[in-house]
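Line order of the protein sequences matches chains A and B. Convert by adding 452 to the 1-based position in the first sequence; the result is the number in the working numbering. Residue 161 in the working numbering sits at position 175 of the second sequence, and the numbers go up by one each step.
These are calculated hints, taken from the structure and not from any lab test. Note that this is a predicted model, so its numbers are computed, not measured. Careful: at least some of the hints might be erroneous.
In silico DSS-like cross-links for lysine-lysine, where the CA-CA straight-line distance does not exceed 27 Å [claimed, not checked]: (1) A:Lys769 / A:Lys839; (2) A:Lys628 / A:Lys520; (3) A:Lys727 / A:Lys769; (4) A:Lys551 / B:Lys98; (5) A:Lys552 / B:Lys171; (6) A:Lys747 / A:Lys587; (7) A:Lys553 / B:Lys135; (8) A:Lys520 / B:Lys98; (9) A:Lys552 / B:Lys163; (10) A:Lys552 / B:Lys157; (11) A:Lys700 / B:Lys171; (12) B:Lys92 / A:Lys553.
Now for the letters of each chain:
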Amino acid sequence: MKYAYYPGCSADGSGIEYGMSMERTAKILGFQLQELEDWNCCGATSGHNTDKLLSLALPARNLAIAEKTGFNMIIAPCAACYNRFRTAEHAVQHDPEMKKKIEQVLDMELQGSTETLSILDVLVNKIGTEAITAKVKSPLTTMKAASYYGCLLVRPVEHTGFDDPEDPQTMDKVMKALGADAVEWSHKTECCGAAMVTARPDVGMRMLYRVLKDAKESGAECLVTACPLCMLNLDMRQAAVEKQFGEKFNLPIYYVTELLAIASGDAPQTVGIEKHFVEAGKYLDTVKIRAAEAKITAEKAAEEAAAKAQAKAAAAKAAKEKAAPTGEAGVKAKAAAPSADAGAQPDQKKVDAFVTALTKNPDKMAAKLVADPAQAGVLASILDEKKIGKLAGLMARDMELAKKAAAAFVQQELKRQGECQD
Amino acid sequence: MLESAFKLSPTTDSQKALISRLEQEAGTSINLCYQCGKCTAGCPAAFAMDYPPRQVIRLLQLGFTEEALNAKSIWICASCETCSARCPRGVDIASLMDTMRRAALKRGKTDKKVAAFNKAFLSNVKNFGRTYEAGLLLQYNLTTGQLFKDMGLGLPMMQRGKVGVFPERIKARDEMKKIFERAAKFGGEQ
Chain A
453 MKYAYYPGCS ADGSGIEYGM SMERTAKILG FQLQELEDWN CCGATSGHNT DKLLSLALPA
513 RNLAIAEKTG FNMIIAPCAA CYNRFRTAEH AVQHDPEMKK KIEQVLDMEL QGSTETLSIL
573 DVLVNKIGTE AITAKVKSPL TTMKAASYYG CLLVRPVEHT GFDDPEDPQT MDKVMKALGA
633 DAVEWSHKTE CCGAAMVTAR PDVGMRMLYR VLKDAKESGA ECLVTACPLC MLNLDMRQAA
693 VEKQFGEKFN LPIYYVTELL AIASGDAPQT VGIEKHFVEA GKYLDTVKIR AAEAKITAEK
753 AAEEAAAKAQ AKAAAAKAAK EKAAPTGEAG VKAKAAAPSA DAGAQPDQKK VDAFVTALTK
813 NPDKMAAKLV ADPAQAGVLA SILDEKKIGK LAGLMARDME LAKKAAAAFV QQELKRQGEC
873 QD
Chain B
-13 MLESAFKLSP TTDSQKALIS RLEQEAGTSI NLCYQCGKCT AGCPAAFAMD YPPRQVIRLL
47 QLGFTEEALN AKSIWICASC ETCSARCPRG VDIASLMDTM RRAALKRGKT DKKVAAFNKA
107 FLSNVKNFGR TYEAGLLLQY NLTTGQLFKD MGLGLPMMQR GKVGVFPERI KARDEMKKIF
167 ERAAKFGGEQ
């Protein structure tokens, strides 16, 4: 697939990493970017603050160039450029009078045949998260990322429309495809202050502070953006915000394209991570270490589960003696184990009765332990002597504990099934 | 919020004409607004405004065009579009704010800092076809007399290769100047 590419003015300046990582993203995912010939600035906010016709004519010149060179789809990674392009496209397609005026100003003709796309739209709706996951070599497991959409990617919805204006999901989906945890937070579409942070810092800095604060309080360890102005504010001015409001954030900020390239095997320097103001390389190292640890833990759990399955037959006869659980291997079962030591020895007759009931009527008993019918079915299907022994022991002593252990068994099994599918 | 009393009088014809011009350019109608205040509740910059968005609309509904165009709010609005996205009556408040900024600018009423920034930005586009960030900030600082604003960020920006030494220029610079001239000639809905 070949797209017309509109890098925007920041791609060679403050947003240089966005330009670098955008080109890497295209290479990794196998689509082509053809830079628009002799493109001009979209006019951004200053344009529409000053003159409506000019604010539409400036992006429209680029649309005319795209049409002339035979392109229908334009990628504009910068959220502001994207928004101005969409606004101009909307005017050209829906307002014949305005279209005529724009053509007069440009001295060029417009077909209204272009569609400008944001990088998030391309990643999720044109390429798809499965294709992204397929390229991932070092997943960002354990990264706690707050996806920050800001304003112009999702509003006004009549012009953008590829995602929800209040709770957008495309960036979260990309982050999950890269293996990261997408943090739920409330400021994902709140304004960072945009040009106000420069022009009116008395107003803009507080807006910026609120976004950083909410991300931090929601448990995010970094923010991800698809807008060079959001990046400039969140990254370059974070130190000033910390100073003004007396609060430390230490939140590295990444472009979504940077993380895509890095998860696909690029070295951080390839996409310019060292150019950030808030140190952003160390957190990537931390994530790498934690991801490796998580992988080892998962492998260990899988090995232990396999060993457990082998021991199943041998353990069958000993089931009754093992009614009180000791040193179980499964991670989830471990969570329930400490409380088992706390109680008194259960009545052996009761235990026997429960063992019989669980063996003869697994479905009925499972339904008593797990409320959700589907999960109860799962439990009934995995009940073996060892599990029956353990559950019977707990049921005789404390029904709540038994329910917890049953829930843990179900979760373990569901996780195992999920891993098999992967 | 109101520091002085407002004298209610019938809206004059010129006020009516101005309001309908604003509505036409903004592509919205102020009469749809029933003053619920959802725009103000969600506005991230309302804390710094003299008249929050709902009150700006109310001023227009009551015919107080001068007060509305003099409101500091219209220059504090960051164009984030949250108000328009949430308005239950479909009033495009952000577009109205945008239109009011332009109308105020034509009357010479403006926030000096915001206007200086916009002017510096557009003169870059007019002369080079693109924005030259470093030049833009320098020009903005010079015209607003804030010589040392963001000085501490200049060197780190250069060290990171985020500042071009020279502005990027497009080939069609003459074309750009003509676009600006023709937009000024054909533009203006008035």
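Taking the hints in turn, this is what the structure says about them:
For the hint linking A:Lys769 to A:Lys839, the alpha-carbon distance of about 13 Å falls within 27 Å, and the restraint holds. The hinted pair formed by A:Lys628 and A:Lys520 fails the criterion: a straight-line CA distance of about 38 Å is larger than 27 Å. Straight-line distance between C-alpha atoms of A:Lys727 and A:Lys769 comes to about 64 Å, which puts the hinted pair past the 27 Å bound. Pair hint A:Lys551 plus B:Lys98 does not hold up; C-alpha atoms about 32 Å apart against a cutoff of 27 Å.
Under the criterion of a C-alpha separation no larger than 27 Å, the hint pairing A:Lys552 with B:Lys171 is consistent with the structure, at around 14 Å. The suggested pairing of A:Lys747 with A:Lys587 holds, with an alpha-carbon distance near 18 Å, which does not exceed 27 Å. Of the pairs offered as hints, the one joining A:Lys553 and B:Lys135 is violated, with about 40 Å between alpha carbons and a cut-off of 27 Å exceeded. About 40 Å separates the Cα atoms of A:Lys520 and B:Lys98, which puts this hinted pair outside 27 Å; it is violated.
Simply put, A:Lys552 and B:Lys163 have alpha-carbon atoms about 20 Å apart, close enough for the 27 Å limit, and the pair holds. The suggested pairing of A:Lys552 with B:Lys157 holds, with an alpha-carbon distance near 25 Å, which does not exceed 27 Å. Taking the CA atoms of A:Lys700 and B:Lys171, the gap is about 51 Å. The hint is violated against a cut of 27 Å. Using a Cα cut-off of 27 Å, the hinted pair B:Lys92 and A:Lys553 holds, with the two alpha carbons roughly 20 Å apart.
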